[in-house]
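Chains A and B, in that order, give the protein sequences. Position 342 (the first sequence) corresponds to 528 in the working numbering; numbering is contiguous. Position 196 (the second sequence) corresponds to 213 in the working numbering; numbering is contiguous.
The set of hints was computed from the structure by calculation and includes no laboratory data. Computed from a predicted structure; not experimentally measured. Backbone N, C-alpha and C define an ideal beta-carbon position, used for all residues, glycine too. Among the hints, erroneous ones may be present.
Stated by the list, open to error - Looking from chain A toward chain B, a few residues come up when the C-beta cut is under 10 angstroms (computed):
| hint | residue |
| --- | --- |
| 1 | E262 |
| 2 | L379 |
| 3 | K413 |
| 4 | L422 |
| 5 | Q480 |
As the list claims (entries may be wrong) - Below are the DSS-like pairs computed for lysine-lysine, each with C-alpha atoms no more than 25 angstroms apart in a straight line:
| hint | chain 1 | residue 1 | chain 2 | residue 2 |
| --- | --- | --- | --- | --- |
| 6 | A | K390 | A | K413 |
| 7 | B | K71 | A | K413 |
| 8 | B | K81 | A | K413 |
| 9 | B | K133 | B | K98 |
| 10 | B | K95 | B | K147 |
| 11 | B | K95 | B | K71 |
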Amino acid sequence: MSTPIVRKTVAKQDSIGIAGAGLLGRLLAWKLLIRGHNVSLFDAGHIEHSITTPSAAAGFTAAGMVAPLSEAVVSERAIYDIGLRSLELWPQWIAELEHKPSSESDFFFQRGSLAVSHPQDTAELQQFDTDLNHILGGSSGYQRLNGQQIQQLEPALSDSFQQGLYLEPEAHINNQQLLNRLLVDIQALGGKLYPNTPVQPSAKILQAKAQSHRFDLCIDCRGFGAKYSASREQPLRGVRGEALSVHTKEIQLQRPVRLMHPRYQLYIVPKPDNIFVLGATSIESEDMSPISLQSNLELSSALFTLNPAFAEARIVDMAVNLRPAFMDNMPRVEVEDGLIKANGLYRHGYLLAPVVVENILNTIEQNVDPFQSILQSQPTAETEHA
Amino acid sequence: MTNDPLRLYGETFNSRFLLGTALYNSPQLMRDAITASGTDMVTLGLRRQNPEDKNGDAIWQYIKDSNTHLLPNTAGCKSVKEAVNTAEMSRELFETDWIKLEVIGDDYNLQPDPFKTLEATAELIKRGFKVLPYCTDDLILCQRLLDAGCQVLMPWGAPIGTGQGLLNRYALKTLRERLPNTPLIVDAGIGAPSQACEAMEMGFDAVLLNTAVARAQDPALMAGAFASAIDAGRKAYLSGLMLKRQTAAPSTPTIGQPFWHQN
Numbered sequence: 187m188s189t190p191i192v193r194k195t196v197a198k199q200d201s202i203g204i205a206g207a208g209l210l211g212r213l214l215a216w217k218l219l220i221r222g223h224n225v226s227l228f229d230a231g232h233i234e235h236s237i238t239t240p241s242a243a244a245g246f247t248a249a250g251m252v253a254p255l256s257e258a259v260v261s262e263r264a265i266y267d268i269g270l271r272s273l274e275l276w277p278q279w280i281a282e283l284e285h286k287p288s289s290e291s292d293f294f295f296q297r298g299s300l301a302v303s304h305p306q307d308t309a310e311l312q313q314f315d316t317d318l319n320h321i322l323g324g325s326s327g328y329q330r331l332n333g334q335q336i337q338q339l340e341p342a343l344s345d346s347f348q349q350g351l352y353l354e355p356e357a358h359i360n361n362q363q364l365l366n367r368l369l370v371d372i373q374a375l376g377g378k379l380y381p382n383t384p385v386q387p388s389a390k391i392l393q394a395k396a397q398s399h400r401f402d403l404c405i406d407c408r409g410f411g412a413k414y415s416a417s418r419e420q421p422l423r424g425v426r427g428e429a430l431s432v433h434t435k436e437i438q439l440q441r442p443v444r445l446m447h448p449r450y451q452l453y454i455v456p457k458p459d460n461i462f463v464l465g466a467t468s469i470e471s472e473d474m475s476p477i478s479l480q481s482n483l484e485l486s487s488a489l490f491t492l493n494p495a496f497a498e499a500r501i502v503d504m505a506v507n508l509r510p511a512f513m514d515n516m517p518r519v520e521v522e523d524g525l526i527k528a529n530g531l532y533r534h535g536y537l538l539a540p541v542v543v544e545n546i547l548n549t550i551e552q553n554v555d556p557f558q559s560i561l562q563s564q565p566t567a568e569t570e571h572a
Numbered sequence: 018m019t020n021d022p023l024r025l026y027g028e029t030f031n032s033r034f035l036l037g038t039a040l041y042n043s044p045q046l047m048r049d050a051i052t053a054s055g056t057d058m059v060t061l062g063l064r065r066q067n068p069e070d071k072n073g074d075a076i077w078q079y080i081k082d083s084n085t086h087l088l089p090n091t092a093g094c095k096s097v098k099e100a101v102n103t104a105e106m107s108r109e110l111f112e113t114d115w116i117k118l119e120v121i122g123d124d125y126n127l128q129p130d131p132f133k134t135l136e137a138t139a140e141l142i143k144r145g146f147k148v149l150p151y152c153t154d155d156l157i158l159c160q161r162l163l164d165a166g167c168q169v170l171m172p173w174g175a176p177i178g179t180g181q182g183l184l185n186r187y188a189l190k191t192l193r194e195r196l197p198n199t200p201l202i203v204d205a206g207i208g209a210p211s212q213a214c215e216a217m218e219m220g221f222d223a224v225l226l227n228t229a230v231a232r233a234q235d236p237a238l239m240a241g242a243f244a245s246a247i248d249a250g251r252k253a254y255l256s257g258l259m260l261k262r263q264t265a266a267p268s269t270p271t272i273g274q275p276f277w278h279q280n
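Chain A with its partners taken away, still in its complex shape:
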């Protein structure tokens, strides 16, 4: 079912240094190791994620949705096209993991997602529907639901929801488990890890504080950490996101649910072990201070209105992180001699990462890439690099 894999026996063994061990860095390191390259993975913070030493990567904070329809509404059509490709790649790639979970469906769930609004906010849902229709050029790909149909899909939702949209192609990922599993595979394939080692990427060199590391190729996969390497013409900024994780055994959800509201769009994503991740605020600020009371109130009350039983859920985590974004909120892959920079995945990490990785692999292997014009659209940045 999956594409043939070039195993470790591949002849060309380039050494590749990757800056940033978030989702993109891990996925890329893993793919390059499978292809027989020597890969070193650097991160400014912890790489192995635990409660005492959490990874700073936004991929851990994320809710892990692959939601091309809903995300296209708040970005642009390209996000939809890229997302469809990601939906093909994710199950194939998860099947390629050496240390597979007992069933691959432990990681990737393509069960669609649900968008609902309370009766007084129906206009928000209608606007979402109109925007979706505009972007997709029609309403195939999603369905309008009545209250009864919503109840059939998600019996745990409050029966006050009388209108909704079912976005059937959408999926969600158990992202923390996947990130941890990727690391196991990276180590098993011989990848070298350099945690707590901030580096400055340049052509064939990753410059750490005390030492420079030389490679045949360097790849910058940093998130917000790339801010200070970005050019003045293409500044990279952080967009604050706050999310809650709650635990309750009283409620079961099969798929992400989006709640439309006049001032914010919030979503709740079911995770293993009766955990639900509720996200996320979006504030144009590079503030990493703890979650505000207002955000907490907004998130909590949204959750409460989905089902009052959430009132007794326990808050197990309140996460804050910065989404790395260029000013058009679109990702960029810049190719220079000895250096590839892939940054600015914004709020679309799990939607974009497989396609960005595929683009980088195609660049290295000089294959045609279907998303070349979107991902590498910018004028060459060689002059700025000097």
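Model the placement of chain B on the given structure of chain A, informed by the hints.
Frame of chain A; chain B shown alone:
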């Protein structure tokens, strides 16, 4: 319309379209809309961005680079103290004593609190601010705000983000007639260019909006549409709208009818 500038607090503006900078899908789309609107003044909020630590600097710098006047607002403030503090912080951050005052009285529809708005206005004027208060269309409130020292008022068309247009034409018309020398800017509730045009035809001095442009599928195109509508409405007002009549009056006399049968 350079020969018909907008004058606010002694300063001159070349556009009668004020644009908000929130809710765009990306900063790039925001800036494209600013350019297409031809606006001379944009509003921006800082309440939730932890302004004390300048954490919103990336986006603020980007807005500053659009080379328009900045009108910081106190969006999200619910008390006089919050609004005054936010105004002080924005004066320091953006080096301007102009402030669009918003004191929200209702959390759900973001309706302004007239009493706290008046109180905050008095305090801010005492502190040397040039206050542009977002207020309801109540004549007495508007008079009190002028008494407190405001030189510009920003009555609503409808609640923020509703796109309902001019909900109370009678009240707005009264404001225009009773406060003929005060610059009046219709702020909030405008959803369509035709509504903005109508406000300008009624003699309002400018229009401020955000959602209708930011949430459009093509914000820059919509910004251009609003710019044209505001320009059309202003020209119509200046040139003198004809009054509505009960009977039809053909503009060309009908040939072949005796003149005593013509209107």
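Which numbered hints fail: The structure conflicts with hint 2 only, although it agrees with all the remaining ones.
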